[in-house]
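Model the full structure from these sequences, guided by the hints.
There are 2 protein chains.
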Amino acid sequence: MDLAVVGSIVVGALALIFAFYKSAWISRLNPGNDRMKEISGYIQEGAMAFLSREYKALVVFIIVLFVVVALLINIFTAICFLFGAIFSILAGYFGMKAATKANVRTANAAMESGMTKALNVAFSGGAVMGMCVVGLGILGISVAYIVFGEPNIITGFGLGASSIALFARVGGGIYTKAADVGADLVGKVEAGIPEDDPRNPAVIADNVGDNVGDVAGMGADLFESYVGAIVSGITLGIIAFGKAGASYALAISAVGVLASIIGVYFVRGDKDPQKALNGGTVASSVITLIVSFFLCKVILGTYQPFIAILVGIAVGLIIAKVTEIFTSSDYKYVKGIAQESETGASTNIIGGLSVGMMSTGIPIVVIAIGILVAYYASGGTADTVKGLYGIALAAVGMLSTAGMTIAVDAYGPIADNAGGIAEMCNLPKDVRNITDKLDSVGNTTAAVGKGFAIGSAALTALSLFVAYTQAVGLDGIDLTNPTTIAGLFIGGMLPFLFSAMTMSAVGKAAFSMIEEVRRQFKNMPGIMEGTEKPDYKRCVDISTTAALKEMILPGLLAVAVPVAIGVLLGTEALGGLLAGSLVTGVLMAIFMSNAGGAWDNAKKYIEEGNHGGKGSEAHKAAVTGDTVGDPFKDTSGPSLNILIKLMTIVAVVFAQLFVTYNGILF
Amino acid sequence: MDLAVVGSIVVGALALIFAFYKSAWISRLNPGNDRMKEISGYIQEGAMAFLSREYKALVVFIIVLFVVVALLINIFTAICFLFGAIFSILAGYFGMKAATKANVRTANAAMESGMTKALNVAFSGGAVMGMCVVGLGILGISVAYIVFGEPNIITGFGLGASSIALFARVGGGIYTKAADVGADLVGKVEAGIPEDDPRNPAVIADNVGDNVGDVAGMGADLFESYVGAIVSGITLGIIAFGKAGASYALAISAVGVLASIIGVYFVRGDKDPQKALNGGTVASSVITLIVSFFLCKVILGTYQPFIAILVGIAVGLIIAKVTEIFTSSDYKYVKGIAQESETGASTNIIGGLSVGMMSTGIPIVVIAIGILVAYYASGGTADTVKGLYGIALAAVGMLSTAGMTIAVDAYGPIADNAGGIAEMCNLPKDVRNITDKLDSVGNTTAAVGKGFAIGSAALTALSLFVAYTQAVGLDGIDLTNPTTIAGLFIGGMLPFLFSAMTMSAVGKAAFSMIEEVRRQFKNMPGIMEGTEKPDYKRCVDISTTAALKEMILPGLLAVAVPVAIGVLLGTEALGGLLAGSLVTGVLMAIFMSNAGGAWDNAKKYIEEGNHGGKGSEAHKAAVTGDTVGDPFKDTSGPSLNILIKLMTIVAVVFAQLFVTYNGILF
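Same order as they appear, the protein sequences are chains A and B.
All you need for my numbering is the position in the first sequence, starting with 1, plus 74.
All you need for my numbering is the position in the second sequence, starting with 1, plus 74.
It is possible that part of the hints are untrue.
[As the list claims (entries may be wrong)] Here are the computed lysine-lysine pairs in the DSS-like style, where the Cα-Cα straight-line distance is at most 25 Å: (1) Lys-409/A x Lys-623/B; (2) Lys-678/B x Lys-582/A; (3) Lys-694/B x Lys-688/A; (4) Lys-694/B x Lys-262/A; (5) Lys-409/A x Lys-678/B; (6) Lys-678/B x Lys-678/A; (7) Lys-582/A x Lys-406/B; (8) Lys-406/A x Lys-582/B; (9) Lys-582/B x Lys-694/A.
[Unchecked claim] Here are some, though not all, of the chain B residues that point toward chain A, as calculated from beta-carbon distances under 10 Å: (10) Leu-90; (11) Glu-414; (12) Asn-684.
The set of hints was computed from the structure by calculation and includes no laboratory data.
Only a predicted model underlies this, so the values are computations on that prediction, with no experimental measurement involved.
Glycine included, C-beta positions come from ideal geometry on N, C-alpha and C.
In structure tokens, the structure reads:
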């Protein structure tokens with residue numbers, strides 16, 4: 075048995091033990107006074123209720139797909155699929171449980187001990203999510219690799235992870251934005267009460283949304299990328315270097331997990347939360363890089379593939395920086411949108427759309443260069459598969475420290491929730507100041523995390539695409555073949571259709587929420603006077619039901635279309651479809667996420683007192699832009715990351731089927 | 075000498091004579107009273123001033139590109155390029171001259187004789203544009219074919235047509251929307267004066283914009299598609315069937331021109347303008363189809379390729395119908411946006427964006443099916459090049475009746491202008507009623523024309539793409555090659571970057587226009603009282619200068635990027651680039667055009683009295699959407715049609731260069 079594989083299993087178990095230990099530590103902390111316990115209890119209850127209803131709804135889907143895979147492919151792949159799905163669910167469950175415990179304890183820590191302790195609690199909550207994701211991911215894959223040996227079977231694990239991720243991202247995204255838009259438009263705009271005011275009936279749903287969307291949804295997204303990258307690394311590694319290739323992909327991942335655990339200890343003591351978080355990220359990246367460098371020579375006998383890992387990390391960092399430039403009010407783009415808000419909502423919207431489209435330029439060029447360098451530096455000139463393995467390694471490298479990235483990312487919504495709880499429980503002003511500071515750092519890390527998620531999705535989907543061509547035995551996919559072109563067109567269109575569906579789902583759900591909040595304010599006049607409690611549950615229920623209902627169709631589409639195209643038009647057409655959806659999916663994801671981020675920060679920039687400040691005409695225009703940006707950046711945009719990976723992994727898993735029925739139409 | 079070629083030259087000359095005759099007939103009509111002559115004089119002057127300044131600015135570009143082509147490729151291609159550019163300029167010049175003469179005479183005919191005569195004048199103005207485009211197009215190509223014989227050289231003519239088209243579309247699009255937004259936001263919204271009020275300083279610029287954007291810009295766009303389709307038909311025809319293949323492509327085009335001339339005579343007498351226009355379109359299509367059917371057997375000895383022509387026409391009609399469904403207030407999508415306007419501008423925007431994205435679905439699937447049927451029905455299974463020739467024939471077939479399509483399309487802005495003149499000259503109310511009726515029909519034809527322009531651009535670019543692979547001698551373009559993927563990503567990104575540039579150009583130009591109109595209202599108080607004449611020239615000048623300045627960079631990008639990628643990364647990467655930009659270009663063009671059209675008609679639907687009618691909150695929200703939609707549907711969206719064709723034709727013309735320097739980087 076291979077040392078790297080055994081090591082991976084041990085490291086995976088270690089990560090889970092670490093997560094358990096952190097989680098227990100959080101539980102032991104003081105959750106504050108009765109009011110705080112009550113409010114956080116509502117949030118936890120709502121979040122868990124959503125997860126359990128979501129998982130129940132997915133049981134049917136999982137069973138059906140299990141049977142389909144078992145019958146059409148084989149039972150082993152179906153078993154891997156089942157475990158991938160269960161592990162994804164577990165990661166989401168544990169992570170969110172920790173997050174909903176950490177939020178109130180962060181607020182209490184801010185009150186009792188100040189910034190340092192509050193940062194520590196919030197970040198520990200995120201770290202539980204991060205370690206659950208990487209621990210379950212690497213454990214699942216390495217056990218599947220030991221048991222089945224065959225890469226094609228292990229991709230079943232990826233399919234499980236991906237399909238759950240899609241539903242979690244889409245459902246969570248619809249949930250959080252319906253609640254957010256509903257709470258804002260009626261509470262803030264119509265009733266004139268502040269954000270997170272306990273009199274707002276949608277306020278609990280809004281805080282639950284932060285957890286199910288930004289914690290559970292994001293975690294499932296990166297779980298999927300993580301698993302997908304390692305699976306394609308194993309697949310292509312075996313072809314390029316034999317078992318050593320697979321071992322190296324696993325070894326980097328295992329090193330990255332250990333480095334992330336060490337990195338967690340770098341996040342502390344400091345007074346500036348941004349620097350503290352950066353310290354942890356840098357520490358884990360540097361450790362991973364140094365160890366990967368030596369392991370490369372030891373395991374593969376050459377230093378060449380190491381460059382691909384370097385490329386992956388560099389691409390991730392550059393995209394994150396570009397994301398910041400286009401979405402932070404420190405730079406000219408967001409300032410320009412704020413300026414354009416002075417001539418009204420339409421110029422604000424045109425400005426935001428234009429900035430979003432513009433922001434695709436550099437990331438795409440960087441991804442393109444990254445692909446070329448990863449390929450040629452890994453020896454692609456002499457040996458094609460070595461080059462392709464390089465592309466997979468770039469994805470593995472980029473995601474190796476995912477434990478840390480997710481921890482930093484999930485910290486944001488926990489701090490945000492802590493602020494909400496402080497507001498709802500009337501905690502002292504300086505508590506809110508601390509949580510606001512933590513939250514604003516969280517906004518930057520969220521933007522960076524989104525850039526990272528997109529970059530990793532692009533590289534992962536691309537390596538899975540390569541794994542697909544190997545699985546169906548294609549020597550190449552010819553773009554001059556009309557079926558390839560037809561596939562390319564249809565694939566390119568899917569992200570547009572998918573975004574249209576998720577955006578209109580948010581619109582519909584937000585509409586029901588607005589009606590309900592208006593109804594409560596009207597029928598229960600005691601709410602505004604503070605004598606009557608709003609019916610939080612009803613709002614939580616509206617978001618939950620809408621999210622579950624609207625996630626079904628896009629989810630089925632993502633699984634059904636690749637299978638249909640592969641069978642009807644053949645493997646080359648399916649290759650075209652995957653390439654088309656990869657390109658427009660990445661573009662639309664960058665466009666939508668960054669436009670949304672830019673609108674959000676343009677509004678905040680005006681609220682800081684620029685262009686007339688809060689209540690000015692410019693501010694009203696900026697609020698319009700921000701509301702349009704909400705489903706852009708938190709629902710449709712991020713869901714596309716998963717769409718492109720899920721469709722590719724469906725193609726890999728069903729490869730055998732397409733070889734048998736290779737285009738029955740032409 | 076080939077009968078089809080000679081026939082094409084004769085038919086081309088005939089079309090030009092017909093255009094001249096129609097133009098002379100329009101000139102002889104009564105242009106109305108002195109006020110009408112004065113106002114229409116301003117419009118004509120402004121339009122011609124824009125064209126002449128635009129053409130002057132392009133002289134440098136044309137000379138530089140001429141020298142580059144002559145040195146890098148050969149002098150014959152450079153000469154063809156020169157004539158393509160000159161012919162495109164001439165078509166735009168003659169067409170717009172006729173349009174600016176027909177507008178005032180349409181208004182006068184409505185006053186003196188009523189609807190029938192007014193329709194006849196407006197449509198005749200459009201017919202001059204249509205016949206100039208197809209006449210100069212087919213004449214230029216067939217003469218070049220006789221003189222040089224070599225398809226590669228004739229593509230130079232396409233390059234000339236395409237590069238002028240890009241500048242005309244982008245420049246015209248920026249011009250018209252800057253004037254429109256400026257006139258609306260200050261005149262209608264701030265000063266509260268009606269549309270086309272002569273007191274509005276930007277009113278002349280707005281009317282000039284209809285001509286330079288919707289007449290000259292659209293004409294140049296379809297001139298380019300027309301030329302591109304025939305050139306690729308000749309190129310692939312020669313490979314598939316020898317000279318007969320080229321003859322058939324020319325023969326269909328010549329028949330289409332004749333059928334369009336006949337079709338013009340079907341547009342008359344009737345009282346319902348929509349039916350009259352439909353009658354002409356149907357007549358010319360049916361004639362073309364019947365004759366092409368018999369010619370297919372006569373020239374090619376088989377009926378198979380005829381199916382491709384049928385496919386091309388069917389694809390065009392289906393896309394046009396889908397465009398109507400997504401953009402007309404008779405259907406649920408526009409009604410939904412109007413409903414969503416009740417909850418404010420943000421839900422209106424989300425609704426419009428979502429409808430635009432949704433509307434890409436069916437057209438893309440139809441294009442994909444069209445490609446497959448055209449390919450396989452033309453014998454692609456047995457002989458690849460016959461299948462590829464089929465794809466080119468689909469484009470040729472779709473564009474064969476372009477003379478008629480353009481006439482119907484250009485009729486819209488002429489009727490719109492006639493209405494503006496009626497308003498500005500205080501003509502009787504029933505004159506305005508007639509022009510309003512003609513204008514509303516024009517809105518439908520414009521939407522249909524846009525769908526047609528996108529469909530033809532997709533098929534033309536695809537056939538040029540195929541011609542490119544032949545020209546550089548590629549057996550295939552492998553999508554698993556990392557340089558192809560890098561090209562695909564970069565190509566896919568360009569339409570996003572390009573749209574961002576054109577949208578922000580409109581934003582900037584509109585901003586200057588708003589400032590100027592505000593300044594005039596403030597410094598010249600006599601304007602509002604009617605005692606002082608506004609400074610129209612200043613506004614015309616602002617639009618002109620902004621359009622000319624902002625069209626340069628996007629234009630250069632479209633020429634420079636394909637050349638750079640071809641030389642640096644090689645022919646396969648360039649193939650990837652072209653495919654990527656083709657897919658996202660078509661998608662973004664459909665998305666932006668239809669979202670813009672849907673917003674426009676949602677606003678009009680509310681203005682008809684729904685959801686509170688004019689002045690309601692819903693109306694204000696809908697105006698925001700409409701303003702965002704303006705650059706979407708009239709600048710960025712349509713410019714993408716040209717971008718994708720121009721980049722492909724650049725690749726074909728410089729094919730030789732890429733064969734010599736095939737990827738100097740890798």
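_Restraint status (C-alpha distance of Lys-582/B to Lys-694/A at most 25 Å)_ = Holds. Lys-582/B to Lys-694/A sits at ~21 Å (cutoff 25 Å).
*Does the alpha-carbon distance linking Lys-694/B and Lys-262/A stay inside the 25 Å limit?*
21 Å, holds
*Would the stated hint for Leu-90/B survive a check requiring a Cβ distance to chain A of less than 10 Å?*
37 Å, violated
*Compare the distance between the alpha carbons of Lys-582/A and Lys-406/B with 25 Å, and conclude whether the hinted pair is satisfied.*
Between Lys-582/A and Lys-406/B the Cα gap is close to 15 Å, so the pair holds against 25 Å.
*Straight-line Cα separation of Lys-694/B and Lys-688/A no greater than 25 Å?*
Holds. Lys-694/B to Lys-688/A sits at ~21 Å (cutoff 25 Å).
_Tell me if the straight-line CA distance from Lys-406/A to Lys-582/B falls inside 25 Å._
15 Å, holds
*asked:* Restraint: Glu-414/B near chain A, CB-CB cut 10 Å. Satisfied or not?
replied: OK, holds: Glu-414/B within 10 Å of chain A, min 7 Å.
*Holds or violated: Lys-409/A with Lys-678/B, Cα cutoff 25 Å?*
33 Å, violated
*Let me know if the C-beta of Asn-684/B comes in closer than 10 Å to any C-beta of chain A, holds or violated.*
Where the cut-off is 10 Å and the nearest Cβ of chain A is about 18 Å from Asn-684/B, the hint is violated.
*Are Lys-678/B and Lys-678/A close enough, with their CA atoms no more than 25 Å apart?*
With a Cα-Cα distance of about 34 Å, the restraint between Lys-678/B and Lys-678/A is violated, given a limit of 25 Å.
*Assess, step by step, whether the Cα of Lys-678/B is no farther than 25 Å from the Cα of Lys-582/A, and give holds or violated.*
Roughly 23 Å between the alpha carbons, so the hint for Lys-678/B and Lys-582/A holds.
*CA of Lys-409/A to CA of Lys-623/B, is that 25 Å or under?*
24 Å, holds
When each numbered hint is compared with the structure, violations occur for hints 5, 6, 10 and 12.
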